[in-house]
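Each chain sits in its own coordinate frame; assemble them with the hints.
Heads up: the sequence lines are chains A and B, in that order.
Take 879 as the starting number for the first sequence in the working numbering and just add one per residue.
Take 503 as the starting number for the second sequence in the working numbering and just add one per residue.
Heads up, some of the hints might be wrong.
Quick list of simulated restraints, FRET-style, between CB atoms [said to hold, decoys possible]:
1) A:Val-1229 / B:Glu-555: 28 to 34 angstroms
2) A:Lys-1478 / B:Lys-562: 48 to 54 angstroms
3) B:Asn-551 / A:Ile-1304: 33 to 39 angstroms
4) B:Ser-506 / A:Phe-1033: 20 to 26 angstroms
5) A:Ala-1061 / B:Lys-562: 45 to 51 angstroms
6) B:Glu-555 / A:Leu-1354: 47 to 53 angstroms
7) A:Ala-1577 / B:Glu-555: 49 to 55 angstroms
8) B:Val-512 / A:Leu-1334: 36 to 42 angstroms
9) B:Val-512 / A:Ile-1080: 41 to 47 angstroms
10) A:Leu-1334 / B:Ile-522: 34 to 40 angstroms
11) A:Leu-889 / B:Ile-522: 40 to 46 angstroms
12) A:Leu-1354 / B:Val-512: 31 to 37 angstroms
13) B:Lys-562 / A:Gly-885: 50 to 56 angstroms
14) A:Glu-1050 / B:Ile-522: 45 to 51 angstroms
Each computed EDC-like pair below joins lysine to aspartate or glutamate, with the alpha-carbon atoms no more than 16 angstroms apart [stated by the list, open to error]:
15) B:Lys-505 / A:Glu-1253
16) A:Lys-1291 / B:Asp-536
17) B:Lys-612 / A:Asp-1150
18) B:Lys-612 / A:Glu-1297
To give a feel for the contact side, a few chain B residues facing chain A, derived at Cβ under 7 angstroms [what the hints assert, rightly or not]:
19) Ile-518
20) Ala-519
21) Val-520
22) Ser-526
23) Ala-541
24) Ala-560
25) Thr-600
Keep in mind the hints are simulated off the structure, nothing from the lab.
For each residue, glycine too, the CB sits at the ideal point set by N, CA and C.
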Amino acid sequence: MDTVFKGEHLLPGQLGQFFVVLAFGAALLSTIAYFFAANDINKLDKSWQRIGRIGFWLNTTSVIGIGVCLFYIIYNHFFEYHYAYAHSSRSLPVYYIISSFWEGQEGSFWLWTFWQAVLGNLLIWRAKSWESPVLAVISVAQVLLSSFLLGVEIFGARIGSSPFILLRDALELPFLKRPDYLAFVRDGNGLSPLLQNYWMVIHPPTLFLGFASMIIPFAYGIAGLWQKRYKEWVGPAISYSLFAVMVLGTGIIMGSFWAYESLNFGGFWAWDPVENASVIPWLTLIGAVHVLIVFKNSGHAYFTALFLTLISFVLVLYASYLTRSGVLGETSVHAFTDLGMNAHLIIDVLVFLVIAVVAIVARWKELPFSQKEEETYSREFWLFVGSVFLALSCLQLVAVTSIPVFNAVFGTKVAPPNEPVTLYNIFQGAFAVVVALFMGFTQFLKYKKTEPARFLINAGAYLLSAILIGGVVVWLTGVYKLHTVYSLLTITAIYAVLSNGKVLADALKGKLKLAGSAVAHIGFGLLLIGAMISAGTSKVVSENATGEMYSEEFAKANNPRENIMLYKNQPVQMGEYEVTYTGDSIALPNHYFKVDYKKKDAQGKVTEQFTLTPNSQANRKMGLVSSPDTKHYLFHDLYTHVSMAPIKYEDELRQQAGGGDDGHDAEQNDDSNYDAPVPHQVAIGDTIRYREGFMILKALARQTTLQSIKLKADDVAVGAELEITTHGKVYKALPVYLIRGNNGFDFAKKVEDAGLKLRLTKIIPKDNKVEITVYQQPESKKQYIVMRAIMFPYINFFWSGTIIMVIGFLMSIFRRNKELKTV
Amino acid sequence: MKKSAIFGLVVIAIAIAVIISTYSSSSTYGTFTDAKEQASTMQVVGKLNKEKELYYDATKDANYFSFYMKDNKGAECKVIFTGTKPQDFERSEQVVLTGKMVGNEFHASKILMKCPSKYTNDKMEETEFNAKQASL
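One chain only, chain B, in its complex shape (with noise of 0.2 angstroms):
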């Protein structure tokens, strides 16, 4: 055989290799129940419960943040972060949250938030009324 066609079939092999591989260390969005079930780390999307206490205390331990977080289902659960309370948490309308279930709190190791953007309408007639207030 040629040495090409050798070399061919070795970076389609490779080639084949890197997208299965790319596809089995993907990951999979999940529901808490489904991080319950499957001890697995795994990715939860919802929205911050707002009625709940989100806690941090800077002063007890840096490290600490905790919030309740319901995922798309509707399911409920408390959230531990180690780390520091992402600033402007309160405002987040998506969380994504990467860890795993531990006992009946989900150990967060990695926190995305979509924030409302800064441009966006809504979020300008709120800065815009502040400022017609401020000039009457």
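This is chain A alone, in the form it adopts within the complex (with noise of 0.2 angstroms):
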């Protein structure tokens, strides 16, 4: 059947389409001519090279072509497509349609598949005679990425998912049949309001563009070993694992940044698979980056080397597979939904491991294993038993995380730990503590031999200097109340900080080449000190005593409660602060609240005062979402966020934006929001009490306007000028009462934020007298927010260290690329 179908724009899917399987058929293309070229004993016919070249040029393009025939329909709203119906909406503004874009699976392995694009073509132009091997290996990568996108049926099964599927294929719905079925859809899903941050707009271009440059190191590794060019591949392997070791880290941590500033898990790590995933090739390529520069200097451990360089990609695809196959389910908050391409993410790790296995097997005998063995007071032994310990502390995250998949293997039915986050605070902190120290003595050894005595006297003198700081630290900031595990790590930190500064010192002399080394340390370092104390001591400050107890033996188990909640305009003691939610404002689809912070000394003078304004924001498809609100301090932080508020839906507050209306029945029900009402027959000056303030009549006065009615030449209006205190605040209102020839009408007035209605009920000229009418809110109808206070001690370490391990990265990149010299 053949319907034509209403509005439909089906060029840029068609086009993308197009660019889709060219970009696959160019990837394959490109991989066969390099394969031949990498191959050919006559190093000076370059015609598969060429066609190698042209394959990849071809594909490069047909890349960048999809991305923009998929933004294209996204920036023009194209419903008719299910990727931009499913992950953007007409009100999404242009930074977050392109955070839309790399939200799905397909737009996220676009973005790999692109910067893999971008540094093939960086490497064919920098790689010289490693060219064809390389690029080779890189092929295969982009054959299959591509293939994930293809979106088509082969022999029954379809390969890939595309991102240009169209709506009414994709899902089996009956009005999607009528040939005007897009009159319906109005409206995308949506961009997950968690995805409506700005550091989403730039998080997954750097996570994907490390994912994509570890990549190097590999094909590099497997070059090495197909071209008989046992050692000449190491040197280009560290610079471009730094480059990849800096970028990958650099996303890593802005993820860790982007969960601080607005998810509400409240803190920098969770331990989430998701996360552990993407940390774990991070980890592995770090132990790469020092074992190649073992066996570049001293020509040991030759295998490892090798190993962890391979291994590490092969890695960075099992993450994939963890976090997009659905595999992780329940253990997960926020993996990817299944997409049916299981057994095709599977083959994508198979190929690569197979790769590398065949390569390592097939030149095994001719590998350069060192003969000799290690010293023991050598900086090679040492810095090889450090990175086997760190790629070691991997092994616990791989065996933890993959509970689910031995779960789908087996078919057992093991549950995660219950505690995962002290499971794994414990165990990697105590592998931190073996490579902190390793990272802190290995300094002061040399290749190959090193003075016994010297050493040890060096080595000895900063270790105890830094156990006496780590204890002082220790005792200060009370991490000596915690695990031992976490005492020693920031003793053992401080120690590699100092030594490493030592080393610095050195550099800024003379060695300036040793300094990118010791900078990308000492960050190291301070990240794991800032990581420790504040993950260890952070506080919860919200904590509450009052609400009502429910069991006694409830209440035995479950403290702290970590939760307070704030009346509108009610000050509770939290702390060493009085918070106060003073009011709202609204910015749609977000709803800020402000929160405000007092500090008080002994004589109850205000010391400090600030206003924190988390939000919220109320989907219909993900219920209440908070971001928090922070206020950072040099030396801590203090985090708020709502866990709890009544507000409005988003769409309701749109409509109510377009403009309300207050008919009499809406009057009637408005009354039912208030207790009873009580009448009070007031003259000017006095007082009224209410159960939270008093008021005052200050004056009566006739109204020449009216809001809402034009006043008649013989309408007599009259106004109450009311002052009300409550919680020591001030307001004024001006209630009114209308005359029109033998009629009265009075006017209401509400304070929304003291919870009153104020009527002008009667006026009584004889005892110079009015009826004010008193509506307050009982408690359960007044705004109220549910919140949650921590305070973060020292994070600014975890932030700045990361900030100058990564300069210390980029130094050492600028360092070992001047060493090389590629032919």
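Here's what the structure looks like:
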């Protein structure tokens, strides 16, 4: 049946799909051509290489073409495409259209293949004699990545998932069969509110550039084995590994910063499987960099260097399998949903695993293993040991994160640990203690051989000062109250910072080329210290001792309670702060809550005052989505987020903004929001008391204008000027009484912030009095928020450590590049 | 013995220790009956009983949320969670609780819930029909 559908824009999709297929074909061509080019004995014959290049450039162009088409579709809100429908909506600003671009799996695969294409072009330009074998490997990866975007059925099985699939093909719904279905699809599903954050614009591209660049050291490793250039590949592999580690590290920390700033799990790291999956290859590649340097300088540890380099990329693919296949299921909050690509993802991992294994096995006998034994007092030995420990720490991460995979494979039903965070903290902490210790004393060792006595004195002296300083730090910050691992790690991390500080000082005096690693090590040390102290000693400030107790037993088992409730304008003492929820402001779709913090000294004088505005978004599909607001101090952060608030849904707010009507019925209904009205007869200057304050009738004044009604010449309108004082705040209100002919009308005045409605219900001329009727909201109707506040001490060490580490990586890259003379 | 051989043995020993401790620290999915028998913390998978009351009143206690859940064997139990009610809890399809039994109540320290995905077909249908009615 050929239905003609109205209003569809099919051209960009068809063009996009053409590019998808072309990208796949071109990558295949490039792989084959580069393969023959690399195997060509006659190195002067460049014909295969030329075809390889053309294939790769064609692939790059198509990948860019896919991106342009997809962006065009999302930008123009062509909701006939499923991707645009599922991930964007009309109300999204342009910069979030960019983040909706990579919200889905297809978009993030595109990002990955795009970066890989860019890096491939860089290598065509720079790799010289390495070009053919290295690009052959990268092209294989391009073939696989572009196959994830194919969305073509071959032999009844769908290969990949295309971003250009139409809504009516993606979903089996009766109304989508109608020719005019597009008239009903008015808006897209929208971008998840959690991702509507500027970090989400730059975090994914950085992360995927990191993942994409992990293939370069892998490709050099394979190329080295393939071309029997067993030692030469190490030089460029070091540079590119440093680049990959730098970018991936930055990407991971950006994600962590996004989580800290805009998610509400209350921290910067949660050991979520998705986080673990990205940090595992990062750690193994850092191990690889160190062992590669060992090999370069001493000829030792060849196999470990090769193994870690190759396994890092395989682990990247394994990570993408974990996060994209849906296998993590109930253990992770933010894995992608299953797109039915399970087998495809496994094949991707296996292809590269097989390439690595075959390459190593085939060349095993020729590999340059060193026959000598390392000296015990040599830098290479301990660098090697440290790197192996780093890799071992990943083993635990891999093992725990993979529990769902083992369940799927063996049909078991093992649940992940009950307290994963504590488990990881202690385990990884223990490994980090060893690694930090090595980071410290290895600095005093030289390659080949060091004089033991001198080494022991130097290393010992620094260790002693680290113990002293660390002891003070541990005591002052209260880390000693936690598990011993935390204290040990703080001390050893300080040791690492101190001894690398010495190296840096020496480097500044002359040996400048050593500065890079020293800076990176100092950064990593600071990062560990910051992470340790702030995660270990973070404290919930919003402890709530009040609240109705349900059973004594319950209260005993569940203290401390971490949320406090704030009624609007009622100050509550929270730790050393007096907090007040003072108001709201709405910038669609976000609802901002103003929370006023005051710190008072013993005399009750305000010593510090600031306002935080955490926000929430009530989303029909996702419920209440809250983002915290944080007060940053130099040495600690105060983090505040709203865990519950009775706010209106986004679309209700939009309607309200469009214009509300207050009919009579609405008025009747409105009264039910208040307690029974209480009339008071008062004269000017009298005070009316009510539950939460008092009000004074300041004056009665004749009104010449009324907001909603035009006054006629003989109308008499009297306004009662009331001054209300409640919880230390003063409000003014002016209810009005209007006499028109023989009828009296009154116009109520609401004071929302005080939860009051006031009416001037009667004028009693003989007593010179008026009747003011007071409506006050019951406690349960009053506006409130439920809030959680956490103090993170010394978190700035964590962020600044990261930045310093990245600078160190950058310096090292420049140094290694200078050493490199690529042929 | 060679130094590298000793180191190799140490590495293998640590690797084995890591794997064993991983599996000894891992938990098991159980039922409410299991939880009653063993006083220890465990994870229970089940479904929310949507017919019974979900109690959460922030104005009384912002940290108290209770509901009834049926585990996979069909046994029902009252669950108490110290914290705010997770948003959209009513819509959850599957709930994984971590906690332990205290008396006849299950005290959960962690709730992980699975909601119907934003993009699955049945959800789509619902939203689409709304749009349709509105336009007629």
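Hint numbers not upheld by this structure, sorted from lowest to highest
1, 2, 4, 8, 11, 19, 20, 22, 23
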